[in-house]
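Under UniProt numbering, think of the first position of the sequence shown as 1, with each following residue one higher.
Be careful, since some hints might not be right.
With beta-carbon atoms standing in for the labels, derived distance ranges [unchecked claim]: (1) Phe174 with Tyr103: 41 to 49 Å; (2) Thr285 with Arg124: 35 to 43 Å; (3) Phe98 with Asp222: 15 to 23 Å; (4) Gly157 with Phe98: 12 to 20 Å; (5) Gly157 with His100: 36 to 44 Å; (6) Val245 with Lys27: 17 to 25 Å; (7) Gly224 with Leu80: 37 to 45 Å; (8) Leu300 with Gly223: 31 to 39 Å; (9) Ala72 with Phe174: 18 to 26 Å; (10) Ala301 with Glu71: 39 to 47 Å; (11) Thr285 with Asp222: 30 to 38 Å; (12) Ala81 with Gly214: 17 to 25 Å; (13) Ala26 with Ala121: 41 to 49 Å.
Hints in this document: simulated from the structure, not taken from any laboratory. C-beta: ideal position from N, C-alpha, C; glycine also.
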Amino acid sequence: MTGGLFTFGETMGLVAADSIGPLPYAKGFSFGIGGAESNVAIGVARLGGESCWLGRVGPDATGALIKARLEAAGVRTIALADDAFTGLMVRHRRSGEFAHVDYHRAGSAGSRLTPADIPAAELREAGILHITGITPALSESCRAAVFQAVETALAAGVPVSIDLNYRAKLWSRFDAAPVLRDLTGLADIVFASPDEAALFVDADDLLGGLAKLGPAEVILKDGGHGCVAQINGERHTVPALPVTVVDPVGAGDAFVAGYLADRLAGATPGQCLSTAIATGAFAVTVPGDCEGAPDRSELLALTGGDLRR
């Protein structure tokens with residue numbers, strides 16, 4: 001690939017209760033896929049960008065579904081065959097405000113990714129390498145793959161993007177903080193929630209604290225409050241769009257996809273942030289991790305054609 005998004009990580013099968021309430025009382029379930037990195041790859045593709053996702057999948061129907069769904073979404077998919085099972089997550093919404101997820105991924109195919117799996121030649125031709133803080137939490141080999149990919153990209157002059165995406169069910173704050181700090185120091189673009197940034201920088205100056213570690217583009221995404229960013233030394237604040245929230249899951253990944261799609265297309269920082277806000281807002285109006293990722297025409301309908309440039 002040349003000039004597009006390259007990302008990798010674990011994508012899992014997703015069993016989701018169709019109704020809100022305690023899991024034992026769910027009347028039905030849907031089966032799909034979910035994974036932070038593949039969500040971003042799908043989001044970029046829906047917005048007209050080129051994207052590639054790489055990951056390991058098992059010899060099962062879930063692994064086949066992941067490959068089929070990503071390819072159908074226009075993502076160049078490198079699904080490496082593994083003899084372990086494909087990971088699974090089970091999600092239900094106990095109330096309209098809170099979602100609960102159980103992971104079944106220890107020892108999964110996705111957790112067995114290694115540095116040898118990352119195609120250096122392809123990575124060197126990418127427009128952006130995007131990683132998350134989830135992959136290094138999965139296993140030592142996954143962590144090694146992340147750092148090797150980052151080093152390869154930087155050596156080739158390929159910008160590195162990271163979404164911190166701290167997951168307490170995967171590792172402790174104590175274990176995560178130094179790894180995420182090191183990756184932030186290597187990255188060019190960093191996305192974080194205020195809580196994630198506070199893992200390793202002063203809570204009184206989250207934006208400045210992240211920027212001091214080295215990245216030129218720091219974006220704090222804060223849900224219904226919108227986002228604040230420091231890009232090449234300039235501060236930006238973009239409010240959230242008023243929408244009816246149906247399902248907040250996947251909003252952060254959609255936000256990242258919007259920003260990176262516009263950055264790959266050469267847009268201004270202001271436009272990148274406005275598109276990110278719009279894609280994040282669109283995502284919460286439909287259920288699912290990635291099913292509702294918008295295309296350009298849908299974004300214009302949501303914003304009335306008012307995406308700042």
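Which hint numbers does the structure go against, in order from smallest to largest? Checked against the structure, the hints that fail are numbers 1, 4, 8, 9, 10, 11 and 12, while the rest are satisfied.
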